[in-house]
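Enquirer: Taken in sequence, the protein lines are chains A and F.
Everything in the first sequence is counted per the working numbering, starting at 1437 for the first residue and increasing by one.
Everything in the second sequence is counted per the working numbering, starting at 186 for the first residue and increasing by one.
In short, the hints are calculated from the structure, not lab data.
The structure displayed is predicted, hence computed values, not measured ones.
Treat each hint with caution, since some may be false.
Simulated crosslink set (EDC-like; lysine to aspartate or glutamate; CA at most 20 angstroms straight-line) [as the list claims (entries may be wrong)]: (1) Lys1573/A - Asp1603/A; (2) Lys1642/A - Glu646/F; (3) Lys660/F - Asp615/F; (4) Lys1642/A - Glu650/F; (5) Lys1590/A - Glu655/F; (6) Lys1573/A - Asp363/F; (7) Lys604/F - Glu698/F; (8) Lys678/F - Glu377/F; (9) Lys1581/A - Asp363/F; (10) Lys1584/A - Asp354/F; (11) Lys1642/A - Glu1594/A; (12) Lys660/F - Glu646/F; (13) Lys211/F - Glu1568/A; (14) Lys1642/A - Glu647/F; (15) Lys660/F - Asp1708/A; (16) Lys1642/A - Glu655/F; (17) Lys1581/A - Glu348/F; (18) Lys341/F - Glu377/F; (19) Lys660/F - Glu1714/A; (20) Lys1542/A - Asp1605/A; (21) Lys660/F - Glu1705/A; (22) Lys1581/A - Glu377/F; (23) Lys1584/A - Glu348/F; (24) Lys1573/A - Asp1605/A; (25) Lys1642/A - Glu648/F; (26) Lys211/F - Glu1565/A; (27) Lys1581/A - Glu1596/A; (28) Lys1581/A - Asp354/F; (29) Lys678/F - Glu1596/A; (30) Lys434/F - Asp470/F; (31) Lys1642/A - Glu1596/A; (32) Lys1573/A - Asp1600/A.
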Amino acid sequence: MNRRDFLRTVAGGAAAGAFLPLDGFASPLFPEAAAAPFAVVTGPDPAALVRRAVELVGGMDSFVSSGDVVFVKPNISWDRPPAQGATTNPLVVETVVRLALEAGAKRVVVADNTCNDARRCYAHSGIKEAAEAAGAKTPFMEARKFVKTQIGGKAVREWEVYRDALDADRIINVPVAKHHGLSGVTLSMKNLMGLVGGARNRMHQKLDTSIVDLCAFFRPTLTILDAVRILTAHGPQGGTLKDARTLDTVAACIDPVKIDAWGTTILAEAHDGRAPEEFAFIREAEERGLGTSDFRGGEFHEETLAG
Amino acid sequence: MKNARRLSQILFLALFLFLFIQTEYKGSNELGLPVRFFLDFDPLIALSVLLATHAARALFLFSIVTVVVSVLFGRVFCGWVCPLGTLNTFAGWFKMRSMKPGEDDTVFRRWRPVKYYVLFFLLVAAAFGWNAAGFVDPISMTIRSLAVGWNPAVNKIVRSFFEFTYAADLPWVSPGLDAVYSAMIGTALAFEQPVFRQSILIGLLFAGVIGLNALAPRFWCRYLCPLGALLGLLGWKQALARVDVDGGKCVSCRRCNLSCQGDATPFPAGRWASRECLACWNCADVCPVQAVSIHPTTRATGDGNVDLTRRWLLASGLGALVAVPAMSVGAHRTRPNPELIRPPGALPEQAFVRTCVKCGECMKVCLTNGLQPTLGQAGLEGLWTPLLVPRLGYCEYNCNLCSQVCPTGAIRAIDLKEKHRIRIGLATIDRDRCIPWALGVNCIVCEEHCPVPGKAIRFEEEERENRRGETFTLKRPVVNPRLCVGCGICENKCPVVDLPAIRVSSINETRSEENRLVL
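Same shape as in the complex, but just chain A:
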């Protein structure tokens, strides 16, 4: 069963079972997560960081098969230059695209439902140019392509989802690590809000549960967290170099909970040093079996690359 069939089944099942208790989702969606290798690589060249991190978690070949359509989801939300840390590093996105194509992907799509004007975000984040240079398509999300879909979550039951993401064989989530005014941090699960349309602003009212719902629904194949430049205050938009820090780090794992748990540790100054399990969305994701916050528990790689 590929991703697409899986999503269809889940969507169909959720529709059929709309009146059943939702406890079914407590069963782990990532049974292999606890043992999944986790890689944190530091060094001056973002492209090299991505390549090494992906290699350490099994290589792109183990996630992308020949002929796959791969949807890469960076954070392109804001009309900000890369240095301000509000959007995913373009070199990181570019390298993910290259790796996917090298692994045999038929087509790689890079897109995000932006908050500011999409044309400006795509251009000024540097992502459009970088992704296209690597051979990806970078379409702007259009209203007509959002289709009402059964999400079957606890807070998000039914929502408009971007059709290209539904139709893709793989989703590779490439968030950037940032401060966020409500959830404290925005990492991989929150990043998936860029795949839905509609009145997604309302999700903030139950933000923690909503982003766990989205993560359970989209089930990204791989998550690569960009921590080359992180935003430590006034997130998720920032707007000044003062709020951004250079970490020169990239993390990769198939388990989004591990990624996000580790992500909170690098953003300590954004949230007064809370422990990962103090974040409601991490706790809830763990309880619902999406993964584990114990990122050191399994196979843990930490490497520094020379320049």
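Given the structure of chain A, go ahead and fit chain F onto it with the hints provided.
Expert: Just chain F now, kept in the frame of chain A:
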């Protein structure tokens, strides 16, 4: 000659439409092409702004080209260049084809002076401070009508078709058409479906102008157009290209009159009206006996120009003198209008209304569709000037496109650094509607979207217990008036969609001395 003229008309119309479509964000902060191009060459715009504001712009120098050409050749601009003139040529063609000899002596001929009185009214009004030329200037009117009325309609129709085929999901057909559609978006079609208040009204008024061609060909150009009147007056001598009819050869077939784009009466010989001549020179083309020639001469080849009566000039001048103070009757000047959020760089209100020619280019170029035509907010004198309606679209923080396209400097040219310091209004929170304030549930959407580095929206935090007895931090937004620039993204994105819980009004705008909040 006819083919050269048609080619010129088509090329200039194509250029106009190209520049019109080009008046949109294309991936760079700077719009590469001079999208105001046609307005820069428009002497009526230059003259009326000059009279109304006593301030000149370097760009007005372009209009001298039009003046010189008109003085030497007559209304060549009307016949060969003007995009509205070309649209009227197309639309008037049907009427012209159906006219029979005799019908050229149209009952509307006595309307010919009207445009001069319109011009006189506009210039007197401008001299006394009401710049109304933009309402009826053909270039300004065409840009505005296309931007606000017709472009949204065309987009809607084309998009509906493609959205239908997309939703139908037909094999082969849908993907193929979808590829065509994708290529059209941002090129032939707008990036997003444009939405404007008064779209239908402004579109229909323009349709009415085009529809006048059913009464007489190029009705607008012949009888109403104030720019045509101005160029006609300038080209009264037009010594380099005068129509000359040889009465001895003329066989009175009237073909010259029947093909005349203006109402310039080359027939009967010696009655040619130079001011009415649109320089189409059809008369020379159609004459079966070569009685009509166009050549340089200082000799008076026709005495058909209408006399303007002192009575009507007086009436239009007095009308303007009455209209100017009448414009300030009404409530709009008594105190600042909270809805009247002007784009950043807009001059102080009085100067702004005097300088703006209502061409609508700023509305066309606005990234978010937030700039909309006013209706009553700025009084009748400021009708169809731009205001920001945050519920429809906000002012993008790092964008200054409207200041780049403004032809008159009503929106000053500002760079981004200056723009970031300009406040166009202030957001205030309606605590009875704000979700955290009224319902005790977190939201933070306004704060998240606030583009000001350091955030103009902060939180008052309070530890609360939810229904399950868990403690959480309730974050209630508060606006800092010192930092808020009034861009309106908070109002635009507020999840309380109908009447947002955070709203921007014009108070605190940098351009006003009186519309201030704190000492």
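Enquirer: Take the hints in turn and mark each one as holding or not.
Expert: Comparing the hints with the structure gives:
1. The hinted pair formed by Lys1573/A and Asp1603/A meets the criterion: a straight-line CA distance of about 15 angstroms does not exceed 20 angstroms.
2. Distance check on the hinted pair: Lys1642/A and Glu646/F sit about 17 angstroms apart at the alpha-carbon level, within 20 angstroms; holds.
3. Only pairs whose Cα atoms come within 20 angstroms are accepted, and Lys660/F paired with Asp615/F is accepted, the gap being roughly 15 angstroms.
4. Taken as a hint, the Lys1642/A and Glu650/F pair is honoured in the structure, with Cα atoms around 15 angstroms apart against an allowance of 20 angstroms.
5. Among the hinted pairs, Lys1590/A with Glu655/F is consistent with the structure: their alpha-carbon atoms are about 18 angstroms apart, no more than 20 angstroms.
6. As the CA atoms of Lys1573/A and Asp363/F are separated by approximately 15 angstroms, the hinted pair is consistent with the 20 angstroms bound.
7. Of the supplied pair hints, the one linking Lys604/F and Glu698/F holds, its CA atoms being roughly 18 angstroms apart against a limit of 20 angstroms.
8. Between Lys678/F and Glu377/F the alpha-carbon distance is near 17 angstroms, which keeps this suggested pair within the 20 angstroms criterion.
9. Taken as a hint, the Lys1581/A and Asp363/F pair is honoured in the structure, with Cα atoms around 11 angstroms apart against an allowance of 20 angstroms.
10. Note on Lys1584/A and Asp354/F: the hinted pairing holds, with a Cα-Cα distance of about 16 angstroms set against a maximum of 20 angstroms.
11. Between the alpha carbons of Lys1642/A and Glu1594/A the distance comes to roughly 15 angstroms, so the proposed pair stays at or under 20 angstroms and holds.
12. For the suggested pair Lys660/F and Glu646/F, the alpha carbons sit about 5 angstroms apart, so the restraint of at most 20 angstroms is met.
13. With a CA separation close to 17 angstroms, the supplied pair Lys211/F and Glu1568/A stays within the 20 angstroms bound.
14. Taking the CA atoms of Lys1642/A and Glu647/F, the gap is near 17 angstroms; set against the 20 angstroms cutoff, the hint holds.
15. This hinted pair checks out: Lys660/F and Asp1708/A have alpha carbons roughly 16 angstroms apart, not beyond 20 angstroms.
16. Simply put, Lys1642/A and Glu655/F have alpha-carbon atoms about 14 angstroms apart, close enough for the 20 angstroms limit, and the pair holds.
17. With a CA separation close to 9 angstroms, the supplied pair Lys1581/A and Glu348/F stays within the 20 angstroms bound.
18. The suggested pairing of Lys341/F with Glu377/F holds, with an alpha-carbon distance near 10 angstroms, which does not exceed 20 angstroms.
19. Restraint check for Lys660/F and Glu1714/A: satisfied, since their Cα atoms lie roughly 18 angstroms apart, inside the 20 angstroms limit.
20. A threshold of 20 angstroms between alpha carbons decides the hint, and for Lys1542/A with Asp1605/A the separation of about 10 angstroms falls inside it, so the pair holds.
21. Between Lys660/F and Glu1705/A, the direct Cα distance comes to roughly 19 angstroms. Compliance with the 20 angstroms bound is thereby established for this hinted pair.
22. With a C-alpha separation of about 14 angstroms, the suggested pair Lys1581/A and Glu377/F falls inside the 20 angstroms cut-off, and the hint holds.
23. This hinted pair checks out: Lys1584/A and Glu348/F have alpha carbons roughly 16 angstroms apart, not beyond 20 angstroms.
24. For the hint linking Lys1573/A to Asp1605/A, the alpha-carbon distance of about 15 angstroms falls within 20 angstroms, and the restraint holds.
25. Annotation: proposed proximity of Lys1642/A to Glu648/F holds, straight-line Cα distance about 17 angstroms (limit 20 angstroms).
26. Only pairs whose Cα atoms come within 20 angstroms are accepted, and Lys211/F paired with Glu1565/A is accepted, the gap being roughly 14 angstroms.
27. Taking the CA atoms of Lys1581/A and Glu1596/A, the gap is near 9 angstroms; set against the 20 angstroms cutoff, the hint holds.
28. For the hint pairing Lys1581/A with Asp354/F, the CA-to-CA distance comes to about 12 angstroms; that is within 20 angstroms, so the pair holds.
29. Our distance criterion of 20 angstroms between C-alpha atoms is met by Lys678/F and Glu1596/A, whose separation comes to about 17 angstroms.
30. Restraint check for Lys434/F and Asp470/F: the C-alpha separation of about 15 angstroms stays at or below 20 angstroms, so the hint holds.
31. Between Lys1642/A and Glu1596/A, the direct Cα distance comes to roughly 17 angstroms. Compliance with the 20 angstroms bound is thereby established for this hinted pair.
32. Among the hinted pairs, Lys1573/A with Asp1600/A is consistent with the structure: their alpha-carbon atoms are about 11 angstroms apart, no more than 20 angstroms.
The structure fails none of the hints (numbered hints given earlier).
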